[in-house]
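**Q** Throw the hints in and build the complete structure from the sequences for me.
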Amino acid sequence: MITLVLAAIGSFCLLAIAGAAAGRAAVGRYGVYGGCAVLSLLSFGVGLSAIGNPAETLHLPLGIPWIGMHLRLDALSGFFLMLLGLGAAGASLFAIGYGAHEEAPQRVLPFYPLFLAGMHLVLIAADAFTFQFAWEAMSLASWALVLSQHRDPANAHAGFVYLIMAVFSGLAMLLGFVVMAGAQGGFTFEAMRAAHLPPVLAALVFVFALIGAGSKAGLVPLHVWLPLAHPAAPSHVSALMSGVMTKVALYGFIRVVFDLLGGVPWWAATLVLVLGGVTAVVGVLQALLARDIKQLLAFSTVENIGIIFVGLGLALAFRANGFATGAALAFTAALFHALNHTLFKSLLFFGAGAVLNATGTRDMEQLGGLIKRMPVVSAAMLAGCMAISALPPMNGFASEWLTFQAVLLRPELPQWGLKLMIPADGALLALAAALAAACFVRLFGVAFLGRPRSVMAAEAVEADRWTLAAMLGFAGLSLLTGLFPGVVIDLLGPVSQAVLGTRMPVQMTDPWLTTIPVEASRGSYNALLLFAFVALSGGLAAVVVKRLGHGGLRRAPAWDCGFPDPTPMTQYTGASFGQPIKRVYDGLGYVAHDRVDMPAPGDTRSARLISERSDLIWDYLYAPLGVAVGRIATILNVLQFLTIRRYLGFVFAALVVLLLALALWQ
Amino acid sequence: MRGISFDIAHMLAGFLVLASFLMLYQARLYALLHVLALHAFVLALSVAWQAHIQDAPHLYITAAIALGFKAMLIPWALRRIVVRLGVHREIEAVGGIGLTMLGGIALVALSLEVMLPVTAQTDPVAREDIALALSVVLIGLLMMVTRRNAVSQVVGFLSLENGIILAATGARGMPLVVEISVAFSVLVAFIVIGIFLFRIRERFDTIDVGALEQHRGGRQ
Amino acid sequence: MMADLAIQLVQMTLVLTLAPLLTGLVRKVKARLQRRIGPPLLQPYRDLRRLLGKEVVLAENASWLFSTAPYAIFACTWVAAALVPTFATGLMFSWSGDLIVIAALLGTARFIQALAGMDIGTAFGGIGASREVMIASLAEPAMIMIVFSVALIAGSTQLSVVAEHMLTAHVGLRVSLALALVALLIVALAENARIPADNPATHLELTMVHEAMVLEYSGRHLAMIELGVALKLLLYMSMIACIFFPPGLAGSHAAMPALVLGAAAWLAKLAVAGVALATFEMSIAKMRVFRLPNFVGGALMLGLLGVLLLFVSRGM
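Protein chains in written order, with the numbering used here: chain A, 1 to 666; chain B, 1001 to 1220; chain C, 2001 to 2316.
It cannot be assumed that every hint is accurate.
[As the list claims (entries may be wrong)] DMTMM-like, lysine to aspartate or glutamate: derived pairs with alpha carbons at most 20 Å apart:
| hint | chain 1 | residue 1 | chain 2 | residue 2 |
| --- | --- | --- | --- | --- |
| 1 | A | LYS582 | A | GLU612 |
| 2 | C | LYS2286 | C | GLU2211 |
| 3 | A | LYS372 | A | ASP464 |
| 4 | A | LYS582 | A | ASP619 |
| 5 | A | LYS546 | C | GLU2055 |
| 6 | A | LYS372 | C | GLU2060 |
| 7 | A | LYS582 | A | ASP594 |
| 8 | A | LYS546 | C | ASP2047 |
| 9 | A | LYS372 | A | GLU459 |
[What the hints assert, rightly or not] Covered by chain C, per the in silico footprint, the following chain B stretches (three or more residues, Cβ under 8 Å):
| hint | stretch |
| --- | --- |
| 10 | 1020 to 1029 |
| 11 | 1100 to 1113 |
In short, the hints are calculated from the structure, not lab data.
No residue lacks a Cβ here, since even glycine has one placed at the ideal position from N, Cα and C.
**A** Dropping the structure here:
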């Protein structure tokens, strides 16, 4: 099977060359995206079959001479490969239609398959060099995609920030591997797994992995690049970056921390729990206030990454205390949420892309009333919004519910940090879920409901069939995984077994396909039955009420408390919708400044309300860092204007110091 | 020995913590004074219950003092002061009410974490009572720190004192003399603060303690 | 099995038929307290019949979401109400959803309601939806914290198991349960749009939340929404009764007399709760919108405190 993945990676590279050759021709689009879709479906199948089968390894004499290239496909890789294949197949399908509107396809086509190839290679890499190479390839290809519309200064800035953070993340991962490999140079994962690191070094590796994978995934406070870079890319790439690349980063974290390190002490779990909870709330609050649809979705990705990290943190905490059942439950919940997020976030980005194509804008204040102009896109978006808001019967709720059940297990934990953080994280998750619902009411309500706020929105047309196929497919999958969570939980069983040594009980044998995470008396959930009940009683009510009552229906102008207004400008805008929440949560990650600019009497200028928001993380972490780098650079600037003799002197001194160090070391 | 007496003792201590949170929540002076009376009333109940289960009649006197002085006399007197001064009735909190309450929760968690292991050997009734009493004390301090208005600082101080009494009665065997002297010292402190309030008001026309800061020497 | 199914069906019918009566009772008691005669107890039924008899006047730019929403809201609320033990715990389908699911079903109803409020594109709908989600953003996590407190004590999120656990004597009095009760009362007031969070009787535009969202509804649509509102009030009262005041509740496999007793006890509890709600609403004023976050946020804090106590010390 692993050779199939390798073949897929090779074909992706060929497609990249073909894409570069095709240039602007439409055939390039069909060929590249169509090919990517087929290959992704293949890797979806390979991943699915790899979950249940024993691990496969492969050693190729490529790369660094005495190490070569080690590849391995086990249950964990298999799950993420499946997720990648699914997300990439949908994105490629969507891109066949979306790409028709691309201004410069030659800047996207070559890099898109390369990006996929890089992500594939990360998942099957089994030594530090291959992993690092693939990780950087993934970063660079996606960076090129972010810059595909580089003439927009905002995109150029996004690309710059992304590049810095990607390099930083790669460096942290590299350092982690170096520490793990140790002086003996055991760069294969097998050697790392076998090596037992002293606690201090293990802690160091954990911190490096958290920083490296966390910044790639978008963990606060390392998330700043994400809401800039994800929206800047073309929409199908945004979907891949948000829906899939963040998951590949999660894979990196799980691989290093759960598999290679084999468990971490409780303080590490507490750290993950704190960061996860904070990420979830900060991410969703920023999403609530965003105006650009794609940026809103990117911030919401940050939130979901937080939720997943909370699940992983719970698993680490339970594992550190030898509580296997809880660890399996929390781990399964986290991976389940990762799958769900891939499904609904890709779907939402497809929708944003469709809206962007139809109206030419990502600004929700320009939209409105799209539910009538784009009914199918709107319906699929509604499904996505409900799923991401964790509402039953969609899949977002199923994974959220499992995470809550994991919190509620409450084993006797001796550590005070966990005793305080686990309930606090429960509250933060609940807060994030409620805020997410508010956020997506705002998105859907402002952009798709109401009356159009601009000519572009009023004249929007329904998306093409490729887009619709991709969206409806993912909406259907979101519903199905929500209705049958047992299927996914059972699918994740072998993964949990391979990583943790335990798994959740088999669900599909339960009567009526009910989900029972621990035992029936502790709590159970049957989405299918509930959905049937709701649909049945709603339908019944509609029929009965129409029969019994008057049954008539008449269209008339909106009543609006007797103030009929002709202009759509009087509608609630996204900004006004978010204002109460902005005011209530002021200080949590941002500070809002509203001021009124009132002209003096007699002045004909119009009065203005200026509403600004400063990002505390940027202001207090990144801005000082930037200033410090600038200062140091100014100091070092002197070195640029030295004589050749002095430069030689520096080189010579460095050489002597190194030799001295070597001498002392021995 | 989990009995109903144990539960009621906890319950009353828990109510005291709840009353402390109500104080943090209140943004109006009159309502705050009502909560102060409630706070002292719960304390009186709690002390009386302790007297009952410990079979210590002198604690009834403590309860009576709490009821008479703190639940009735002091809130009434404070109310008169507020009326006489015509104080602005909304209390300004430093950092908002939500954050203050969050801080209160953190303090409760902290005191539980600190007290439960330390008192592991003692009587289980006293154990959690003392932890809760410490949180009442800490919330009282938090109240004094985060409120700008002098009257609410007095209220914070009084609730702090209630916490001390709760801890003392839970611990079995505080002599009556100590309790009475504590009660009197509070009374004296109250009188001093009351006079102090009038003096500030005369001088600066406000009882926002922020105003005092501007008149401190040596800050330039 | 058959008995459970029968109980389930009886309960679903009962909640549906009794909900308007409860609303009528609250209104009546309120009116009496204001020294008015007030509408008759059965007025809500008459209102429903009147609304059903009228044709729907739909705004010109209303989409399919607007006219589907009332049924979806009603169905979610009804299914949620069917999962709460009212007079007996032996509900046939109680295992299909636990307390978290009940909270989430109500969340779905609110989500759809808020969207429907924004569908017409009027300012009032937007005001209502925006405020509703602002309140919900605090009330929902508070509800989850209450669920946590209860579930940690009972060892289950399943409401029928919780109720049976609460019926046993060894629960005792607990600090965390007291905190959860206070928090739940606040959440119930906020979620049901009662004073001090919202005023169900108001039509003063700038103060209303729930009414602003349903402003454009008429005819049978409005009837469904009104029925949903009444059901939700009944649901919350039954939930508070079954968790915190379970005596009288018939256990699973209960015989007929126990069931009748359970029904009587439930009706009595509802009546008491209705009178208490009316009295409370009479004695307090509606809050300013921006005082509400403190009020509902207080519930969240209390809930969190309760859960924290349970994690730190099993005795609380």
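**Q** Please flag the earlier hints that this structure goes against, numbers listed from lowest up.
**A** Hint check: nothing fails, all pass.
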